[in-house]
Amino acid sequence: MIEVRELSKQYGDVTAVDSLSFKAETGQIMGFLGPNGAGKTTTMRMLTCYLPPTSGTASIDGFDIGEDSLEVRRRIGYLPEQPPLYLDMTVEAYLGFVAKIKGVPSVHLRSSLDDTMQKTGVSHVARTVIGHLSKGYKQRVGLAQALVHNPSVLILDEPTVGLDPKQIIDIRETIKSLRGEHTIILSTHILPEVAMTCQKVVIINNGRIVGEGSPESLTAQLKEGEILRAQIAGPKEAVQALLVSVPGVLDVQHEDATAGGIYLVTTAPGQDVRDPLAKAVINNGYGLRELRSMDMSLEDIFLRLTNEERVEA
Amino acid sequence: MRNFLAIYSKEMRSYFVSPVAYVIAGVFLFLSGYLFRNILMQFNYWCLQFSQRQQFAQAGMPNLNLNEMVVTQFFSVMDFIWLMVVPMLTMRLFAEEKKSGTIELLMTSPISTTQVLLGKFFAALSLYTAIVALTIVFCLILEVYGDPDWGPIWSAYLGYLLLGGTFIGVGILASSVTENQIVAVLLAFGALLLLWLIDWSASFAGPTAAKILSYLSIIQHLQDFQRGVIDTGDIVFYLSFIFFTLFLTTRVLESRRWRR
Chain Z
76 MIEVRELSKQ YGDVTAVDSL SFKAETGQIM GFLGPNGAGK TTTMRMLTCY LPPTSGTASI
136 DGFDIGEDSL EVRRRIGYLP EQPPLYLDMT VEAYLGFVAK IKGVPSVHLR SSLDDTMQKT
196 GVSHVARTVI GHLSKGYKQR VGLAQALVHN PSVLILDEPT VGLDPKQIID IRETIKSLRG
256 EHTIILSTHI LPEVAMTCQK VVIINNGRIV GEGSPESLTA QLKEGEILRA QIAGPKEAVQ
316 ALLVSVPGVL DVQHEDATAG GIYLVTTAPG QDVRDPLAKA VINNGYGLRE LRSMDMSLED
376 IFLRLTNEER VEA
Chain R
53 MRNFLAIYSK EMRSYFVSPV AYVIAGVFLF LSGYLFRNIL MQFNYWCLQF SQRQQFAQAG
113 MPNLNLNEMV VTQFFSVMDF IWLMVVPMLT MRLFAEEKKS GTIELLMTSP ISTTQVLLGK
173 FFAALSLYTA IVALTIVFCL ILEVYGDPDW GPIWSAYLGY LLLGGTFIGV GILASSVTEN
233 QIVAVLLAFG ALLLLWLIDW SASFAGPTAA KILSYLSIIQ HLQDFQRGVI DTGDIVFYLS
293 FIFFTLFLTT RVLESRRWRR
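Sequence lines, in order, name chains Z and R.
In terms of my numbering, the first sequence opens at residue 76 and continues consecutively.
In terms of my numbering, the second sequence opens at residue 53 and continues consecutively.
One chain only, chain R, in its complex shape (with noise of 0.2 Å):
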C-alpha cells in the first residue's frame, strides 16, 4: 500500500507541476462547455417553436424531455472527446520512465510491476475523474431552470469513470510498449476508435460474429447508462476490460525478465 502510494503521490505531483493537467483541464471543459451551450440553445429553440403552435400546446409538448434532449445528447458528445484526451493523459506514464532510464530505477526497487502500474494507473483515473467531476456544473445549471431527472445524470457519470477507466487501460497498455511518447498517443488512439467503431463491422458479419463485434464495442455499454440502466453486465465488461489491459501491460514489462 505504502509504495503504491509512493507511485500515485509522485504521478498525481508529476501532473500538476507539469502544465499537463491544467491544459487537458482546459481545453476539456471549454470544448465541453461550447458543446453544452450550442445543445442547449438548440433545445431552447424547439421548446419555442413547440410552445407557439397551438396543436402541441393544447396536446402538451409530451416529447420534449430534457434527460433525452440534453443531457444524453451531451453525454455523448463528451465521451468523443475523451477518447481523444485520455491518450494525452497516459502517453507518459511508461514511455517516459523508459526514456530517461528511471524505469530501471523503479524496477530495481523492492516494489512490484503491480504496485508501479496500479499507482500509475489510478493517478491517471483520479485526474480524469476530477475533470469529469467539473461537468456537474452544467447539470446544475439545468436544475436551476428546469427539472432534470437525476437518476440517470448519476448513472451516466457511473459509466464515465467505467469507460474512463478502460480509456486509461488501453492507455497505459499503449504507453508501455514503445519509448515514444508520440507512437503511445497513436496507438492508445487507434485501438481506442477501432474499439469505438467495431460494431459498425457487426452489421456486416454473421449473426454469431455480429453479437462479439457488437459486445466489444466500447461505447454500446455505456448507452444503458446514460438512460439510467445499470446492468451488471456493462459493469462486469468494463470491469473485465481494464483488468484485461492492466494485466497485458504488466506482461509486457515483465517481458524482459523471460524475453530471450
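If we strip away everything but chain Z, and leave its shape as in the complex, we get (with noise of 0.2 Å):
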C-alpha cells in the first residue's frame, strides 16, 4: 500500500510538487497521468527514497519514506524513465547483480531470477549482452530489473515510452498480469494507456492533482449531460425543430461539414432521451439511420482538466 500525504518538492524557487496526497491500495494498478514535466517523476523519485520532499512525507507499506528508508527500497520495484541498465553485462549477469544488492538470499537467487524472465519474457535472451538488444528487450529487461526481488510495490516511470505499438501491447499485458500480487503506481502521458491497465487514475498538472478516482467515475463526475449523435433523414428544418420538441432535450445542432443529417443532441443530466427520440422520428416518418450516445474519453477530460488549471493560473 502506498500512501502520500502532503508531498512536495521545491527545486530554488520553482514548485515542482504541490502538497500531493492520494493513496494506492494493495493489489491496486493505478495510474499516475500528467502532461510532460508535470511532476510525476519527481513523485516517483521522492517515493523511492531517490529525492528527499521538501515537505510532506509517504509511506510505503507503512514505512515511512524519510525514516525507514532502507525498509521501504527494500519493498519497492523501480523502473525509472530511462532503464538502468549495463549495456556490457549479460541479461542474466545483471538481473544476478540487481537481485543481490536488492537482498534476494542465496538460495533463492536463482529460482528468483529464472522466475522473473520467465514472468517478463526475457527467458530466451539471458545470454545475450544488454547493449545487443533491442529498445522493447531493452524496457523488459528494466521491467525485470524491478521485480527480481518480488517488492510489494512497484514504482513505473512511463513504461511504454519509445516502444513500438506491438512492444507496448506486450509490455501491458505483462504489468496487467502482475496485478493483485503487486501495488504498482505507473506515470504516463498517454491516455487509453490508463484506460487499459489502471483502476485508479491521479491526474497531475503543474504537480497538483487535478482529478482523480477510478477512470469510468473520472468520466461519469465530468459528464455535463449527455451527448448523442443522431444520423436522420429528412429536411433539416422540420428534424431539427421535432428533435428540439423531445422533452429533455437541451440543443441541437446540426452538422454541417459531413454529408446527411447528423445532429448532435445535448441532453439534460441523468436523462435518458434515446427512447422517446426514436419513437418521435419514427413517428413522423423519417428515417433514424444512426443513433448513439458519445462518451466523453479521458482525452477530454484530461484536456479539460489541465486546461482549467492553466486558466486558474
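Among the hints, a few may not be true.
Computed cross-link-like contacts, DSS-like style, restricted to lysine-lysine with a CA-CA straight-line distance of at most 25 Å [as the list claims (entries may be wrong)]:
(1) Z:210 <-> Z:251
(2) Z:210 <-> Z:194
(3) Z:210 <-> Z:241
(4) R:151 <-> Z:210
(5) Z:241 <-> Z:194
(6) Z:210 <-> R:150
If you're looking for bench data, these hints aren't it; they were derived computationally from the structure.
The model shown is predicted, which means the values in this text are computed figures rather than measured ones.
Dock chain one against chain two, each of which comes alone in its own frame, and use the hints as you go.
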C-alpha cells in the first residue's frame, strides 16, 4: 500500500510537486497521469527515496520514506524512465547483480532469476549482452530488474515510452498480469494506457492533483449531460424542430461538415432521451439511421482538467 | 559485506570485459619496462667506467649502490606514470553511473552509499595493485644478475599501495562530481598534479606555511618508503588522505538528499 501525504518538492524557486496526497491500495494498479513536466518523475523519485521531499511525507507498506528509507527500498521495485541497465553485462548477470544488491538470499537467487525472466519474457535472451538487445527487450529487462526481488510495490515511470505498438501491448499485458500480487504505480502521458490497465487514476498538472478516481467515475463525474449523435434522413429544419420538442433535449446542432443529416443532441443530465427521441422520429416518418451516445473520453477529461488549471493560474 | 562484494565483483568484471584493464596494464608495463631498461643500461655504463679506472678499482667502488641507483630511480619515475594513469582507472566509476542512469538503481536499492563507494574503491585498488605487482619482475631480474637489498623494495611497494589508494581516492571524488568522464579525468589529474608539486611553493612561503605545504605533498611521504623507512607518520598521512577523499565522495553522492 502506498500513502502519500502533502508531498511537496521545490527546486529553488520552482515548485515541482505541490502538496500531493493520494493512496494506492494493495494489489491495485494506479495510473499517474499528467503532461510532460507535471511532476510525475519527481514524485516517483521521492517515493523511491532517490530525492528527499521538501515537505510532507509518504509511506510504503507503513514505512516512512524519510525515517525507514532502507525498509522502503527493500519493498519497492523501480523502473525509471531511462531503464538503469549496464549495457556491457548479459541479461542474466545483470539481473543476478540487481538481485544481490536488492537482498535476495543466495538460496533463492537462481529461482527468482528464472521466475522473473519467465514473467517478463526474456528467458531466451538470458545470455545476450544487454547492449545488443532491441529497445523493447531493454525495457523488459528494465521491468525484470524492478521485479527480481518480488517487491510489494512497483513504481514504473513511463514504462511504454518509445516502444512500437506491438511492444507496448506486450509490456501492458505483462504489467496487467502483475496486478493483485503487487501494488503498482504507473506514470504515463498516454491516456488509453490508463484506461486499459489501471483501476485508479490520479491526474496531476503543475505538481497538483486535478482529478482522482477510477477511469469510469472520472468520466461520469465530468459529464455535464450527455451528447447523442443521430443520423436522420429528412428535411433539416423540420427534423431540428422535432428533436428540440422531445422532452429532456437541451440543444440540437446540425453538423454541416459531413454529408447526410447528422445532429448532435445535448440532453439534460441524468435523463435518457434515446427511446422517446427514436419514437418521435419514426412516428413522424423520418428515417433513423444511427443513434448513439458519445462517451466523453479520458482524453477530453484530461484536456479539460489541465486547461482549467491553466486558466485559473 | 554481501552488498560490498556484489559491487566489487561487478566493477572488476567491468574492468576486464572492456579493454580498459588490458590497455592500462599494457601501456603502463611497456612504459615502465622501457624506463627500467634505460636506468639499468645507465647503471651498467657507470659500473663499466668506474671499473676501468685504477683508483676506483683499488678503493672498491663504494658509491655504486644497486638499490639507490636503480630501484629508487625506477620507483620514482613509476609514480609519475601512475599519476597519469590512475585518473583513467577511476573516471568511469561514478560518472558513467550518473550518465547512464544506473545511479538511480544503486541509490534506490537497500544498500548504503558507503558500501557502493567501498566496492568501487577496492575494485580500482585491486586492479592497480595487480598491475604494480607485475613490476616485481624487474626486481627479480636484478636479483638474478646482482644483489639488491629486498627490505627497501618491499617497503617501497607498501608505499605504492598507499599512494595508489590516495590517487584512487582523489580520482573517485572527481568522478562523483560530474557525469562527464573527460571532466573527471582532468579534475583528478589537475588535483593530483597540484598535490604533487605543492611543496615547490613551500620554498617561497613562511616557515609555518612551508611546513604545512610540504606535509601535504603526496610524494614527499613516499620517499621514506623508497629508502626502506616505514614511518607511521607517513602511513597515517596516506590513510587519512584516503579516508578524507572517500568521506567527501559520500557527501557529494548524498548531497542530492539534502540539497534544497
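ask   = Is the hinted pair residue 151 of chain R and residue 210 of chain Z satisfied, with a Cα-Cα distance of at most 25 Å?
value = It holds: about 18 Å lies between the C-alpha atoms, which stays within 25 Å.
message = Between the alpha carbons of residue 210 of chain Z and residue 194 of chain Z, is the straight-line distance 25 Å or under?
response = holds (18 Å)
key: 25 Å limit on alpha-carbon distance, applied to hinted pair residue 241 of chain Z and residue 194 of chain Z   = Between residue 241 of chain Z and residue 194 of chain Z the Cα gap is close to 17 Å, so the pair holds against 25 Å.
query = Given the proposed pairing of residue 210 of chain Z with residue 150 of chain R, does the C-alpha separation stay at or below 25 Å?
reply = It holds: about 20 Å lies between the C-alpha atoms, which stays within 25 Å.
message = Given the hinted pair residue 210 of chain Z and residue 251 of chain Z, is their Cα-Cα distance within 25 Å?
response = Answer holds: residue 210 of chain Z to residue 251 of chain Z is near 20 Å, not above 25 Å.
ask   = CA of residue 210 of chain Z to CA of residue 241 of chain Z, is that 25 Å or under?
value = Between residue 210 of chain Z and residue 241 of chain Z the Cα gap is close to 12 Å, so the pair holds against 25 Å.
In summary, this structure violates none of the numbered hints.
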